[in-house]
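Count the sequence shown with the working numbering and you get residues 171 to 576, in order.
Warning: the hint list may mix true and false statements.
What the hints assert, rightly or not - When the alpha-carbon atoms are kept at most 16 angstroms apart in a straight line, the in silico EDC-like pairs for lysine to aspartate or glutamate are as follows:
1. K200 x E492
2. K540 x D215
3. K189 x D304
4. K474 x D291
5. K331 x E361
6. K540 x D211
7. K540 x E492
8. K187 x E344
9. K187 x D429
10. K176 x E240
11. K477 x D231
12. K477 x D215
13. K567 x E393
14. K567 x E240
15. K176 x D215
Stated by the list, open to error - Pairwise CB distance ranges, derived in the manner of DEER restraints:
16. A543 x E182: 18 to 26 angstroms
17. A496 x Q201: 40 to 48 angstroms
18. E555 x E292: 44 to 52 angstroms
19. G432 x D350: 38 to 46 angstroms
20. G432 x G392: 29 to 37 angstroms
21. F209 x Q233: 17 to 25 angstroms
22. E574 x T500: 26 to 34 angstroms
23. R541 x D231: 22 to 30 angstroms
If you're looking for bench data, these hints aren't it; they were derived computationally from the structure.
Positions of the beta carbon are idealized from the N, C-alpha and C atoms, including for glycine.
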Amino acid sequence: MRSTSKTILLHEISKLKSKQDQWNPFAWYKQMRENNPVFYDAEQDVWNVFLYDHAKRVLFDHQLFSNKKERSLIPVPRVNNRSNVNFSDPPEHRHRRALLAQAFTPRSLKEWEPRIQAIADELVADMEGQTTVDIVQQLAIPLPVIVIAKLLGVPSQDREKIKAWSDILFYPYERETFGDIADQKARAMKEFQEYLYPIVQEKRKHPADDILSDLTKANLEGEQLTDMEVVMSGIGLLGAGNETTTMLISNMFYSMLFDQPGIYQEMRADSTAIPKLVEEVLRFRFPVAIDRQVAQDTTVFGHKMKKGQIIIAWMGSANRDESQFANAETFDIHRHNNQTHLTFGAGPHFCLGAPLARMEANIALSTFVKRFADIRPVEGFEVTEHLIQSATGQSLKSLPICVETA
171 MRSTSKTILL HEISKLKSKQ DQWNPFAWYK QMRENNPVFY DAEQDVWNVF
221 LYDHAKRVLF DHQLFSNKKE RSLIPVPRVN NRSNVNFSDP PEHRHRRALL
271 AQAFTPRSLK EWEPRIQAIA DELVADMEGQ TTVDIVQQLA IPLPVIVIAK
321 LLGVPSQDRE KIKAWSDILF YPYERETFGD IADQKARAMK EFQEYLYPIV
371 QEKRKHPADD ILSDLTKANL EGEQLTDMEV VMSGIGLLGA GNETTTMLIS
421 NMFYSMLFDQ PGIYQEMRAD STAIPKLVEE VLRFRFPVAI DRQVAQDTTV
471 FGHKMKKGQI IIAWMGSANR DESQFANAET FDIHRHNNQT HLTFGAGPHF
521 CLGAPLARME ANIALSTFVK RFADIRPVEG FEVTEHLIQS ATGQSLKSLP
571 ICVETA
């Protein structure tokens, strides 16, 4: 069996076995905050922090907690090149990030807003006349993958292939089947590269108004990126660009149905409440974690951590820390500071695509509420029957809901 030594398996730290517990790990988070806020997992030689202030320190302090790491919980095969914004620290990280940042500025996204709106309009219009829709398959999956494909300059009709490759690349490893999963990822990566390579070559000859074209023209340290470096940047953006937003849109609808039933009517009555809902879903229902490598021996959290060890910031737990969020276990879109969640990270590695994800989620819901008067769960809905394993535990692969046309 292929070695797992460089891969950190989150579920072996949490020991959460059932789908239900992995979907709702929040009771375990609470237990860890109260009893083991700084926890050492000896089996994988990994430190874990669960409190808000601790997680934020790990994310911000790149001198103590480096993103240059030998091991990682990230399931995507590691390819470190000059255009990769991961696995690097400032100042090198700033140079790499600058190549991509211009595509995600407020001005650039403002130009994209009508195009995203048109995509959402079409997807929601296709639901017209149906009494039951699968919000994941009909909205949460297609909207982000179509948007990021168009943003990069990749044919949007290939979105099913792009989604399939992304799903495999982000699929979590299991110790028992590690070799088989690694082989699947290697095949998906190879096919993804072979798909994008001729597209990138064409962009270099005939650049258009898209991210791949911009990357072919970009200079880094006085040199242009190679075609393969542009390809790998594209794979990273295509994968990350649909994974988080799909989860966000799916979880928004789940929260409206189960975390605070009836709140859908507030969204219909007051569209200014939609961004608040988006932020509270990001805070309340994202079991996300990020790793760093301890850059020097430290006792900053009261325990002796050694240089070279890995530390994981459990942001999904930090987002429910009562010291930061009053009544943190309650879903409340009107809390004054819900936007201070750590779901998109913090510091120099704050998620580049966060503004795009927020825009897509806001447009998706505002478009939907204009078309449908109400939503309710389908009879007999059991969430465990609609889950699929994801990098952080379980996510919704489908969410059938009953709808009433406005």
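Now for the hints, and whether the structure bears them out:
1. K200 x E492: 10 angstroms, holds
2. K540 x D215: 51 angstroms, violated
3. K189 x D304: 20 angstroms, violated
4. K474 x D291: Given pair K474, D291 is violated - Cα atoms ~54 angstroms apart, limit 16 angstroms.
5. K331 x E361: With Cα atoms ~10 angstroms apart, K331 and E361 stay inside 16 angstroms; holds.
6. K540 x D211: With a Cα-Cα distance of about 49 angstroms, the restraint between K540 and D211 is violated, given a limit of 16 angstroms.
7. K540 x E492: 35 angstroms, violated
8. K187 x E344: 12 angstroms, holds
9. K187 x D429: Since the Cα atoms of K187 and D429 sit roughly 23 angstroms apart, the hinted pair is violated (cutoff 16 angstroms).
10. K176 x E240: Given that 16 angstroms is the threshold and the Cα spacing comes to 7 angstroms, the pair holds.
11. K477 x D231: 14 angstroms, holds
12. K477 x D215: OK: K477 and D215 at ~12 angstroms, within 16 angstroms.
13. K567 x E393: 42 angstroms, violated
14. K567 x E240: Not satisfied, since the Cα-Cα distance of roughly 32 angstroms exceeds 16 angstroms.
15. K176 x D215: Measuring from Cα to Cα gives roughly 11 angstroms; hence the hint holds.
16. A543 x E182: 18 to 26 angstroms: At roughly 46 angstroms between Cβ atoms, E182 and A543 fall outside 18 to 26 angstroms, so the hint is violated.
17. A496 x Q201: 40 to 48 angstroms: 20 angstroms, violated
18. E555 x E292: 44 to 52 angstroms: 29 angstroms, violated
19. G432 x D350: 38 to 46 angstroms: Since G432 and D350 have Cβ atoms about 45 angstroms apart, the given range 38 to 46 angstroms holds.
20. G432 x G392: 29 to 37 angstroms: Violated, at about 59 angstroms.
21. F209 x Q233: 17 to 25 angstroms: Holds, since F209 and Q233 (Cβ atoms, about 23 angstroms apart) stay within the stated range.
22. E574 x T500: 26 to 34 angstroms: 28 angstroms, holds
23. R541 x D231: 22 to 30 angstroms: The hint (22 to 30 angstroms, Cβ to Cβ) is violated, given that R541 and D231 are roughly 46 angstroms apart.
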